[in-house]
Amino acid sequence: MSAEYVLEMRNITKEYGQNAVLKNVTLRVKPGEIHALLGENGAGKSTLMNILFGMPVIHTTGGYQGELLLDGETTRILSPQHAMQQGIGMVHQEFMLIPGFTITENIKLNREISKPNIVSRILGEDLESLDMEAMRADARKALGSVGIAISEDTKIKGMPVGYMQFVEIAREIDKSGIRLLVFDEPTAVLTESEANQLIAVMKDIASRNIAIIFITHRLDEVMQAADTITILRDGKLAAVREKKDTSLVEMASLMIGRGDEGVIAIDAQAKTQKEQIALKVRDLHVDMPGEALHGIDIDVREGEFLGIGGLAGQGKVGLPNGIMGLYPARGEVEFFGEPLPLNDAKSSLKRGIAMVSEDRRGVGLLLDQPIEDNIVFNAMQVNGDFLVGPKFMQLRNGKQVRAFATKMIKELDIRCQSPTQHTGTLSGGNQQKVCVASALALNPKFLFVSEPTRGIDIGAKHLVLETLVRLNREMGLTIVMVSSELMELRSVCDRIAIVAEGKIADILEPNSSDASYGLAMSGLKAEGGEAL
Amino acid sequence: MGDRDLLRRAGHRVKENAREYVVTYIFLVLSIIFVAYSGRPMTDIFYQLMSRLTRNLFIVLALIIPIVAGMGINFAITIGAMAAQIGLLLVINWGVTGIGGLLLAAAITVPLAAGFGFLIGSLLNKMKGQETIGSMILGFFANGAYQLLFLFVFGKLIPLNESVTIVGGTGVANTLNLTGSVGLLSALDGLWRVTFSQALYGITLFAVLGSVLLLILKKIQRVKAFVTIGMALVFVIVYQIPVVNHSLQNINIPVITFLLIALLCLFNVVIMRTRLGQKFRAVGQSRVVANAAGINVNRVRIIAIMISTILAGWGQIIFIQNLGTLQTYAAHEMVGLYAGAAILVGGASIDRATNGQAIIGCILFHTLFVVAQDAGSNLFGDPNIGEYFRVFLCYGVIALALVMYAWRGNSAKKAAAREHARG
Chain A
1 MSAEYVLEMR NITKEYGQNA VLKNVTLRVK PGEIHALLGE NGAGKSTLMN
51 ILFGMPVIHT TGGYQGELLL DGETTRILSP QHAMQQGIGM VHQEFMLIPG
101 FTITENIKLN REISKPNIVS RILGEDLESL DMEAMRADAR KALGSVGIAI
151 SEDTKIKGMP VGYMQFVEIA REIDKSGIRL LVFDEPTAVL TESEANQLIA
201 VMKDIASRNI AIIFITHRLD EVMQAADTIT ILRDGKLAAV REKKDTSLVE
251 MASLMIGRGD EGVIAIDAQA KTQKEQIALK VRDLHVDMPG EALHGIDIDV
301 REGEFLGIGG LAGQGKVGLP NGIMGLYPAR GEVEFFGEPL PLNDAKSSLK
351 RGIAMVSEDR RGVGLLLDQP IEDNIVFNAM QVNGDFLVGP KFMQLRNGKQ
401 VRAFATKMIK ELDIRCQSPT QHTGTLSGGN QQKVCVASAL ALNPKFLFVS
451 EPTRGIDIGA KHLVLETLVR LNREMGLTIV MVSSELMELR SVCDRIAIVA
501 EGKIADILEP NSSDASYGLA MSGLKAEGGE AL
Chain B
1 MGDRDLLRRA GHRVKENARE YVVTYIFLVL SIIFVAYSGR PMTDIFYQLM
51 SRLTRNLFIV LALIIPIVAG MGINFAITIG AMAAQIGLLL VINWGVTGIG
101 GLLLAAAITV PLAAGFGFLI GSLLNKMKGQ ETIGSMILGF FANGAYQLLF
151 LFVFGKLIPL NESVTIVGGT GVANTLNLTG SVGLLSALDG LWRVTFSQAL
201 YGITLFAVLG SVLLLILKKI QRVKAFVTIG MALVFVIVYQ IPVVNHSLQN
251 INIPVITFLL IALLCLFNVV IMRTRLGQKF RAVGQSRVVA NAAGINVNRV
301 RIIAIMISTI LAGWGQIIFI QNLGTLQTYA AHEMVGLYAG AAILVGGASI
351 DRATNGQAII GCILFHTLFV VAQDAGSNLF GDPNIGEYFR VFLCYGVIAL
401 ALVMYAWRGN SAKKAAAREH ARG
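Sequences listed follow chains A and B, in order.
Here the numbering used here is used: the first residue of the first sequence is 1, the next is one more, and so on.
Here the numbering used here is used: the first residue of the second sequence is 1, the next is one more, and so on.
Next up, chain B with everything else stripped away, as it sits in the complex:
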């Protein structure tokens, strides 16, 4: 009897898990198939994937707080990216180079993104329940304002150097180069790079020493410490297999960038253990109850969006310094869409997201991006098919997430009605 009950519950849990992570599993299977058919060497795929993670992970992680605060996927991070691009333009114009230039751009981003975030949050407060779509449309709208700013205000009203304006016209040039004398290319990534094996051994050492230290200080359970050490050792051993070793050989890891990403992960966790974080979660789960407890719901929501917008701006700076060129009028356009799709692929939903989901989603989503074109041409004889497929997937995932959210909401409502009927 007990056994059967246990089995039934285990089965139920598996089913729940499958339903919640259906998108993730589909992407996992697709990724494996595509990688197999792309015909590209693993070395290359891993290399590409790593540089895409360096570029994108920070922005994806910037989506978490608004989701927890019940505001859905903040597609308006596009606007944070625009703020960052204003900062970068000024830095390039002033000729500040290197990490100093990036820090200055990041500093300029903060007040701009905070201001924009305040406006976005205030607007989203007027359209509660439709934040996801609202922020998406807001992103499109802001694009218009951005063009006005970059084509007319800069250059005409605020004088710029010739090197950053359209030749023979007004407004900011189409492409801003960060390489050469501008000196912003990889200004962050290049600070400290290590090879994969250095990183792996370094992290292993850190994990083992850390666990032992915590164990001695009795701050951690014995099981947990041993599992951590064991896992680190397993990774090291697996790495000794020649195939694995070989395919990871080319990878360079920008340490500082990944430290920043790790810091953001930590921030996302720690903020939830503060008064403010408790407010985010309360507002996210029930505005009515939060309000009754005296929480200023609108203020909390605005703070969530402001933090997200600033973080997205910093994420965009990381993205552009890695890429080396700033497509003035296009670089921000897909930011919200790609980041949103990535976090959804990881199994997040409109009302629930974690660091882990963001990271897994980012890995799967970008793996598919790396191999889609080659797989398309090998499977269907046309690289464009892979390209279409990847755009299709992007919007498909977002549409699916919205539908599933509505569907879950409906069944929850039905369950509540049943509960009510029960009395």
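This is chain A alone, in the form it adopts within the complex:
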């Protein structure tokens, strides 16, 4: 390794037609370092990686300008296979694993160890028999180096999501001659403890002189793991920083380029909180696969902005889904003093409880329908709004729908071409806003918002949260927000309930100490409140 950099991409420019997505970007990665690549959605990170991997989409749109050097040698990567041969590996955000295969088979996919036999000597190595023993041994070694204790004969199907990520990494490590590994949003699906383990594994890999490009949204992880940070903004190089010379706030502002707004900080304005209990929950059990609740009690006051936090898989998502009747639930729930029947989605909606689902593409939206129809669909079905004509043949009131949709698009700042654009073509943040609009169309008294900022970039996150706060503060809407991002909850909520192992571990103030939150997440209650 004579060259100073294992990878050098010099002055890369890429245009799709007239649209320049990368302008003169330079990325330099040293051997054995963890190099974070930061940027909002659309900043050019994926295009840069597509060039690195020689994806067909780059070649079919006219290639790129600039130079790509591997260990100081100018190279042009022709295809993903070619990239693989050059020792560049990728840990995908969407798992590239075959569910019906064992871990061994996945790790060794298309790189199987095989022994020649009579037939293969005549018809070629495709017919060589597999040497499962040798493959298992390799798989065991690779699994050991990522530090997960699971049999290499386990099938991927049914494995916890966190483990799949480690299998992906094990597969890349197992490749011989690997010198550069790209991690694309590896912690997005992991719990906090898994994410910490992942970062430890990354450091371990880096210590073996394999360079890592770490793409992520999570700034705190960057601070934890990275040595060097390259920040892209709008297709341009915004900055390159050594970790020791930068801070969370600086990175966020470089990424967003709008000053300090990047880190979510919405002032908790003083407001009048009513004493009336809006939602009273007693001994609620929800049977939601992977997010079960085992008997929780909680009161939500009218006008409150309550946060529900906790690690993934502990049950926090079960609360809204159970009360909305989407998953089987039992227990006692009172809504403004009246008992609320459970397991009956329509009655919850009718009483004025609305929900923005965490599964916006699956449950929340009709992706190939226009924005305006998505916004009014529930209101039409549940309340019979936006309809004209006699009872037996009601028709959609086009004018009213358009007017309402236009109003919502303006108020929530939904970036679209027109109210008739299909929601499938919107970005994640804008889809989320359509979901919020659709919930608002029901004229709700009470709003559940589940994981509103998952998978959307920081700018859009900020807008979605701001919208929710405005609805709460200005319109007095009672909101319960479920989120995996503690920072987010602490910046907007009045109180935060932490769910662990299907129960409420603690209810905390936004300014409670980190230690109380940490304990609550692991199912413990800080003794003496703020003592820790």
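Calculated from the structure, these hints are not laboratory results.
It is possible that some hints are incorrect.
[Said to hold, decoys possible] Only pairs whose alpha carbons sit at most 25 angstroms apart, straight line, appear in this in silico DSS-like list of lysine-lysine:
| id | chain 1 | residue 1 | chain 2 | residue 2 |
| --- | --- | --- | --- | --- |
| 1 | A | 155 | B | 218 |
| 2 | B | 15 | A | 157 |
| 3 | A | 115 | B | 219 |
| 4 | B | 218 | A | 115 |
| 5 | A | 175 | A | 115 |
| 6 | A | 243 | A | 30 |
This one's a predicted model, so the numbers in the text were calculated from it and none came from an experiment.
Once you have looked at the hints, place chain B on chain A.
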């Protein structure tokens, strides 16, 4: 607590099994009822069944590889059958008789079927996700091309002997006889025939000796060896019961044909333990992942279809030599449909199939075929009802398999969405 959990899991497994094999169970019950009402002697039913298995099993087994490779049921094996018929026509025309004639026909089939398979595979690569229906339509389309070839090209452009052409016209005759001087009837089956008892005792001996040998060489677990020996002995003992003995008495078993079938079963298993087989399975389960791992997905799929087409061609040769006549314009028509229905009856689905399912399916499906007409006339006073019923079953099973596949796919998608929601 543990007990209850175990019970619950056992119950769950039974339910899963019932759902996956619902078609198989329905056919089992129907077969029993039909056999009971057909009024035919068991001797006759077993005899008929055995000759149908001889004829059809090979073709049904040819469907497995494309299913594993995620291409659904390859109804285009019809085209493999056409390739075989071209081979047979040439062999009859040239007057090559006996096993030599069949081997020549099989050899001619290989390049033809491989070429056709390449074309079919290339086309199916352009319609991923609709291979089952696509291959079915392709079969119909190819039938047109086949007729053009046999009615016009042969005879007019490629001269043929008078014995195989339409009398007083051009084109290949409607029926080609394989009997008599043509000498292809049972050219394979007739090589070595044994009675049922000979076969049973032979296989028992083989199983017992084999198990003992493997046990001594420590290549097999003791339990497995004893189970094998025990089962073989049970069969022998059951065979001593006069009723059983009597009803199996008439059966002749063509040893070489069944050896070929066994070889194909073995091939289907062994190929999955090679690099190529791993590629079939990977491509079958996820094209996206396979592609990301650097597998040439389209190439693998074409290979799967080529193998299937060649095997189907050989299967058709076995079928026709057993039957003794070649219905030039009809023999291939139902091949895909019947084979597809048979494997589905055995509990295979659009994306999963094993040798066992192919064999069980073939047995059940053809049992029903053997007895349907008689059962129809005894139950409803009309043999046609049985005939209608059997056609209805054929298409019904295929439709059901397609619906169930779509339904399972949807619920899997829902489960994935839930998984996703869980985060």
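Hints, one by one, checked against the model:
For the hint linking residue 155 of chain A to residue 218 of chain B, the alpha-carbon distance of about 29 angstroms lies beyond 25 angstroms, and the restraint is violated. Distance hint between residue 15 of chain B and residue 157 of chain A is fulfilled; the C-alpha atoms sit about 20 angstroms from each other, no more than 25 angstroms. Our distance criterion of 25 angstroms between C-alpha atoms is met by residue 115 of chain A and residue 219 of chain B, whose separation comes to about 20 angstroms. Using a Cα cut-off of 25 angstroms, the hinted pair residue 218 of chain B and residue 115 of chain A holds, with the two alpha carbons roughly 22 angstroms apart.
Note on residue 175 of chain A and residue 115 of chain A: the hinted pairing holds, with a Cα-Cα distance of about 19 angstroms set against a maximum of 25 angstroms. Of the supplied pair hints, the one linking residue 243 of chain A and residue 30 of chain A holds, its CA atoms being roughly 14 angstroms apart against a limit of 25 angstroms.
Checked against the numbered hints above, the structure breaks only hint 1 and satisfies the rest.
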